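Each protein sequence line maps, in turn, to chains A and B.
FYI, in numbering that gives the first Met the number 0 the residues of the first sequence are 0 to 306.
FYI, in numbering that gives the first Met the number 0 the residues of the second sequence are 0 to 449.
Read the hints as simulated data drawn from the structure, not as lab findings.
Since the model is a prediction, treat every value here as computed from it, not as a measurement.
Idealized CB from N, CA, C, for every residue including glycine.
Mixed in with the good hints there might be a few duds.
[Unchecked claim] Pulled from the structure, derived: some chain B residues nowhere near chain A, Cβ distances all over 12 Å:
no., residue
1, L286
2, F333
3, G358
[Stated by the list, open to error] Listed next, with one range per pair, are the computed distances between beta-carbon atoms:
no., chain 1, residue 1, chain 2, residue 2, range
4, B, E255, A, A50, 28 to 36 Å
5, A, G255, B, A234, 48 to 56 Å
6, A, E194, B, E363, 36 to 44 Å
Chain residues, written in single-letter form:
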Amino acid sequence: MNHLISIDDLDRAGIERILDRAESFAEVSGRDIKKVPALRGRTIVNLFYEASTRTSSSFELAAKRLSADVVSIRSAGSSVDKGESLRDTVQTLSAYDPAAIVIRSPYAGAAQLVARWTDAAVINAGDGKHEHPTQALLDVFTLRQRLGSLEDLNIWIVGDVLHSRVARSDILAFQRMGASVTVCGPPTLLPRGIEALGCAASPTLDGISEADVIYVLRMQHERMQESFVPSLREYAERYQIGLGRLQPNQLLMHPGPVNRGVELSADAIDSPQALIGQQVKAGVAVRMAVLYELLAGRPAAHMAVAA
Amino acid sequence: MTRTMFQRTDLPQADLLIRAAHVLDPRTDLDEPRDILIRDGHIAELASPGTLTAPQNATTIDATGKHAFPAFVDPHVHLRTPGQEYKENLDTGTAAAAAGGFCAVIAMPNTDPVVDDVSVLRSLVEAAGRQARVPTGFLASITLGLRGQELTEMAALRDAGALGFTDDGKPVTSAGMLRKALQYQRLCGGVIALHEEDPALSGVGVMHEGPVSARLGMAGIPSLSESTMVARDAALALYEDARVHVQHLSCVESVEALAAARAQGARVSGEATPHHLTMTEDMIRTLDSRFKMNPPLRAQSDRRALIDALRSGVIECIATDHAPHARHEKEVPFEQAPMGTTGLETAFPALFTELVMPGELELEVIIERMTAGGALYGLPIPRIAPDEPANLTLIDLGTQFEVGAAGYASRSANCCFHGRTLYGQVELTVAAGRLAFQASALTKQRLGAV
Numbered sequence: 000m001n002h003l004i005s006i007d008d009l010d011r012a013g014i015e016r017i018l019d020r021a022e023s024f025a026e027v028s029g030r031d032i033k034k035v036p037a038l039r040g041r042t043i044v045n046l047f048y049e050a051s052t053r054t055s056s057s058f059e060l061a062a063k064r065l066s067a068d069v070v071s072i073r074s075a076g077s078s079v080d081k082g083e084s085l086r087d088t089v090q091t092l093s094a095y096d097p098a099a100i101v102i103r104s105p106y107a108g109a110a111q112l113v114a115r116w117t118d119a120a121v122i123n124a125g126d127g128k129h130e131h132p133t134q135a136l137l138d139v140f141t142l143r144q145r146l147g148s149l150e151d152l153n154i155w156i157v158g159d160v161l162h163s164r165v166a167r168s169d170i171l172a173f174q175r176m177g178a179s180v181t182v183c184g185p186p187t188l189l190p191r192g193i194e195a196l197g198c199a200a201s202p203t204l205d206g207i208s209e210a211d212v213i214y215v216l217r218m219q220h221e222r223m224q225e226s227f228v229p230s231l232r233e234y235a236e237r238y239q240i241g242l243g244r245l246q247p248n249q250l251l252m253h254p255g256p257v258n259r260g261v262e263l264s265a266d267a268i269d270s271p272q273a274l275i276g277q278q279v280k281a282g283v284a285v286r287m288a289v290l291y292e293l294l295a296g297r298p299a300a301h302m303a304v305a306a
Numbered sequence: 000m001t002r003t004m005f006q007r008t009d010l011p012q013a014d015l016l017i018r019a020a021h022v023l024d025p026r027t028d029l030d031e032p033r034d035i036l037i038r039d040g041h042i043a044e045l046a047s048p049g050t051l052t053a054p055q056n057a058t059t060i061d062a063t064g065k066h067a068f069p070a071f072v073d074p075h076v077h078l079r080t081p082g083q084e085y086k087e088n089l090d091t092g093t094a095a096a097a098a099g100g101f102c103a104v105i106a107m108p109n110t111d112p113v114v115d116d117v118s119v120l121r122s123l124v125e126a127a128g129r130q131a132r133v134p135t136g137f138l139a140s141i142t143l144g145l146r147g148q149e150l151t152e153m154a155a156l157r158d159a160g161a162l163g164f165t166d167d168g169k170p171v172t173s174a175g176m177l178r179k180a181l182q183y184q185r186l187c188g189g190v191i192a193l194h195e196e197d198p199a200l201s202g203v204g205v206m207h208e209g210p211v212s213a214r215l216g217m218a219g220i221p222s223l224s225e226s227t228m229v230a231r232d233a234a235l236a237l238y239e240d241a242r243v244h245v246q247h248l249s250c251v252e253s254v255e256a257l258a259a260a261r262a263q264g265a266r267v268s269g270e271a272t273p274h275h276l277t278m279t280e281d282m283i284r285t286l287d288s289r290f291k292m293n294p295p296l297r298a299q300s301d302r303r304a305l306i307d308a309l310r311s312g313v314i315e316c317i318a319t320d321h322a323p324h325a326r327h328e329k330e331v332p333f334e335q336a337p338m339g340t341t342g343l344e345t346a347f348p349a350l351f352t353e354l355v356m357p358g359e360l361e362l363e364v365i366i367e368r369m370t371a372g373g374a375l376y377g378l379p380i381p382r383i384a385p386d387e388p389a390n391l392t393l394i395d396l397g398t399q400f401e402v403g404a405a406g407y408a409s410r411s412a413n414c415c416f417h418g419r420t421l422y423g424q425v426e427l428t429v430a431a432g433r434l435a436f437q438a439s440a441l442t443k444q445r446l447g448a449v
């Protein structure tokens with residue numbers, strides 16, 4: 000594997016291998032000095048064309064804990080702001096001979112394009128509404144840590160599936176690990192044809208009591224103006240997950256950031272059934288494992304040239 | 000009669016002897032090897048192979064093993080002139096047409112400025128007289144600036160040479176506006192060609208709505224965005240007894256709406272593109288912006304319906320919707336890229352390789368539909384018959400080539416067939432009696448032909 004663009008780049012064994020390694024990196028994060036020398040002297044570029052807190056900070060920390068040099072670029076205030084094309088930006092950054100480029104873009108396929116224009120390994124940190132593979136890996140990691148395996152789990156993904164790259168990567172990753180997936184949300188926010196991904200689709204929460212895991216998606220306020228739902232009040236009434244809708248043994252997940260009182264009630268967020276904090280924590284270890292997987296076995300570019 | 004087709008006048012009328020080409024013209028029922036003698040731009044004689052001798056000054060071309068077809072007519076191209084000559088101009092666009100075996104093309108008016116005024120049309124006509132390698136006709140817009148609010152001076156535009164009218168690139172969203180144009184057609188004539196799309200249903204869509212858009216997380220354009228407008232406008236045409244033409248049909252629902260309207264007596268014709276006839280939404284899994292066009296590539300069932308409609312004649316002509324874009328415009332993420340693919344240089348090879356070779360359609364049907372596009376605007380249909388003006392193309396059906404390997408005659412390279420291996424390389428095109436294209440030995444070599 001040269002790049003991580005999509006969950007489809009990984010088979011089940013590949014996912015297991017990355018998560019096993021993430022387990023050992025999680026141990027590093029528990030030490031006083033949270034660093035290993037695995038990627039010393041390598042450069043990692045974070046190129047973020049969209050706002051991000053968790054993903055950008057955890058990629059940065061992951062790279063630093065592997066002793067890599069990190070450059071983080073955000074579109075605001077950079078040459079991107081001055082109208083530079085993605086291709087020119089990538090070619091400029093490639094001149095620094097990075098080992099990896101981590102890219103977040105509002106457009107589907109951006110990571111794949113970047114991979115065409117650079118010799119660096121490319122990691123998709125979210126492209127449009129298409130995919131967010133490292134989020135899916137950390138979600139699988141979190142569930143595996145808690146339950147040992149995803150085999151035969153019944154997982155419901157609830158909310159704005161239409162606009163969610165997390166949902167798409169999670170549907171693929173959860174199923175690949177042996178779980179069955181139902182997506183649920185207002186009919187206006189369930190994409191036509193989503194069943195082609197192998198999941199079931201439901202416009203109501205009926206049947207969610209059978210779920211082992213409820214994965215709640217962020218409900219963005221803009222969706223009201225676009226008339227996908229008539230009001231947040233009606234959305235919350237029909238789809239909000241609170242303690243009243245949570246069975247005692249069900250686990251609750253959310254990719255963050257949460258809109259408290261919209262898709263999740265405060266009591267649910269703070270309940271011991273919620274794994275939201277564990278997901279964030281898993282982010283660093285899993286991204287260390289992804290960087291390691293892509294780079295550790297690969298010679299630095301200048302060495303490849305010398306050879 | 001007003002002139003409606005324009006081309007360079009400095010090219011000499013051809014004197015050619017084409018030896019032993021397999022002539023296929025579905026309209027004259029000819030399907031046999033012939034020597035073709037072209038004198039002073041006209042077909043002087045057709046005779047059994049080896050029986051004609053070249054007169055003085057005539058060039059002899061050995062076409063043994065090659066096919067000669069009546070040259071193709073494309074009723075739908077974007078030559079990007081005036082205003083976007085960095086994408087295409089009249090010279091490069093018509094060079095691409097000739098390289099694809101076309102002897103005539105009809106250019107769309109969604110240029111900058113829009114062809115919504117006699118002065119713009121006159122400047123185009125004048126430029127075509129200096130630059131167009133094949134006869135080129137022009138449609139004017141239905142509404143000023145394609146804004147859908149006020150009619151253009153349709154009668155004056157017709158007098159200045161406009162073949163018909165279209166707001167192509169955009170639908171005429173208001174039924175009331177379109178109705179007025181259809182009524183006004185009774186004064187000025189000229190087929191009204193329609194880009195059918197309901198903007199409220201297309202929304203921010205960038206591809207066909209279906210399983211692939213669901214997988215990729217890209218906003219979809221549902222088929223009924225097109226088909227509901229086809230049904231609406233066919234009803235308007237029937238009511239006003241107007242003559243309309245539906246451009247680039249893409250889905251089964253539209254084909255059904257067209258057939259139903261025609262059965263009721265509406266004077267509605269339709270066209271389909273080589274890419275909609277040969278490709279589906281699955282291509283977009285590559286996320287390659289070459290596959291982004293409007294209307295979008297749709298489902299396999301839609302493609303099948305288009306093939307059936309082409310065979311039955313519900314769709315009577317093939318149009319490329321040749322839509323060049325510069326490399327920097329297309330070299331961006333799919334959702335940001337402009338819609339459109341080039342198509343003139345690949346139309347015949349794509350249809351031959353993807354439809355004729357697997358036995359989906361007869362070669363005769365493809366030739367008939369590729370030559371029918373001008374007739375709807377009242378242009379003569381090219382024929383290979385004595386005394387006809389020479390409009391023919393010589394094609395090698397037996398040799399494969401890689402699309403784009405030798406570059407393109409078009410100024411742009413955004414071809415959805417780029418990199419494919421196709422059969423049916425065009426070797427020569429005579430348009431309105433003039434030699435418009437001849438593949439060089441060097442080109443053939445670069446394409447890997449043997």
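We went through each hint and held it up to the structure:
no.: 1; hint: L286; verdict: violated, 3 Å
no.: 2; hint: F333; verdict: violated, 5 Å
no.: 3; hint: G358; verdict: holds, 29 Å
no.: 4; hint: B:E255 with A:A50: 28 to 36 Å; verdict: violated, 46 Å
no.: 5; hint: A:G255 with B:A234: 48 to 56 Å; verdict: holds, 51 Å
no.: 6; hint: A:E194 with B:E363: 36 to 44 Å; verdict: holds, 42 Å
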